[in-house]
Amino acid sequence: MPARSVSFSELETYDCDPTLTDTDVIRMCTHGYMMFEGVVPGEINQRVLEFTKNAAIQHEPLELRSEDWFVEHVLLNPAVAGAIRSLLGAHFHVPVAISNHRYQCPHQRPQEWHVDGASKFTPELDNLQVFYYPQDSPVEVGPTELLPGSHLIRNAHRAMCHIGRIRGSVHTVAPAGSIFLTIYNIWHRRPSSTATCLRQALKYFYWRTAAPKRDWIRENIDFTRIDFNGPAQGLTADFQECFRASQIYMYLCGKLDAYKFMGGQCWPLQSNRKDGPFWGYPKEIEDA
Amino acid sequence: MAVTLDVVEKQADLCLDAFHKQNLSKEALSKLCDLIHAMNPQKQDLLYIQAHDTNPKSQAMGMSMVVNGQFEEPPLDPQDWPYQSVLEAIDDGWRVISFPDLSLLMYEDNPLGLGCEFILEKIT
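Respectively, the protein sequence lines represent chains A and B. Quick note: the first sequence, position 178, residue 241 per the numbering used here, numbers continuous. Quick note: the second sequence, position 107, residue 495 per the numbering used here, numbers continuous.
With the rest of the complex left out, here is chain A:
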């Protein structure tokens, strides 16, 4: 926890105990997002909804960044901050901008699928884009739709505007006070909605300031047997999603330099195999 000589809203970086396990981190590498349902207290959600009624700041409510109660319970929400600390390391940088995606529902036409601008297609996970729902967000309200695992596939907004339904996409249906983390270049959009209400989704961004290392909650795992299969299976050429997800994990462990693609049945592909060398297995990861 930070020394409380400064208020929450004055914090530029933050540190806390990591809360994710190896299993959680690997899942983030394969899926590209992580949901925390209903973690923000109801009174905070109500306060945010009241705050954003101010027409002058409805779409870019940066003023919330100066509110201790918002920074403490939303930006540095204990359940979520521990996950961000796990993925981005100690003293991660607190958001410097806040967007509010407000839309009057119903809205028949969905937004175009997109990857947000200034996206970096890299295994070096140095930032996270985070969404917060201050209100209940059932499918009727049009909660953000995303394609799990799509952060492993390069795309660009201008090349996606004709795409409609995608097999395997999910609506991030969640109760009020939910927050979800995403790897920035995950494909997403605002879907159509049928309810009559104001849909709100706040979005902001965290950065890494420390070199990556495996300082989350360690599990006694057999690194040779990590399963990097995920929802992107079938969206890429065979096995490529495994290789890309494993590179993200290697980077987070601070061992990306040890990763070598050896082709064929190399690590991390899983299959019954004869005892012997596991080609491409980065033994250095055992020291992570």
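Beta-carbon label-pair distances, calculated as ranges:
no., chain 1, residue 1, chain 2, residue 2, range
1, A, A321, B, M494, 23 to 33 Å
2, A, L112, B, V484, 44 to 54 Å
3, B, V484, A, E347, 46 to 56 Å
4, A, H164, B, N498, 28 to 38 Å
5, A, P238, B, M427, 50 to 60 Å
6, B, N498, A, T86, 27 to 37 Å
7, B, N456, A, P104, 45 to 55 Å
8, B, D401, A, H122, 51 to 61 Å
9, A, A160, B, I424, 49 to 59 Å
10, A, G297, B, S418, 56 to 66 Å
11, B, D479, A, P104, 47 to 57 Å
12, A, A321, B, N498, 17 to 27 Å
13, B, V484, A, H164, 30 to 40 Å
One side only, chain A facing chain B, incomplete, derived with CB under 10 Å:
no., residue
14, R172
15, V202
16, I216
17, N218
18, M223
19, R228
20, Q303
Keep in mind the hints are simulated off the structure, nothing from the lab. All C-beta atoms, glycine included, are put in the ideal place defined by N, C-alpha and C.
On the provided structure of chain A, position chain B as indicated by the hints.
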């Protein structure tokens, strides 16, 4: 039988001629209007299918349409999509006008975009 532009032009010429002779009738003008309405210009509908691979039988991973000038999406549940493959769409009268760009598929370690995109059309 479809009304062609030639037929409409002939009727327009008749009306113009009658106008110069100061005997243009309401009936002649009405016939011109009817012909224009009957001409009903043909429109191109589009069907985008992102398939798993280049085989027209492979499973559709994504789908969208332009129907009567409007962008449309199939139902949320893929089981309810009108076609499960490009081949099913072809069997229903859609014609392929664009095949997947194979150059996007040559570098397996650099996955790009959504599957293998076929674009199909129907003239309605």
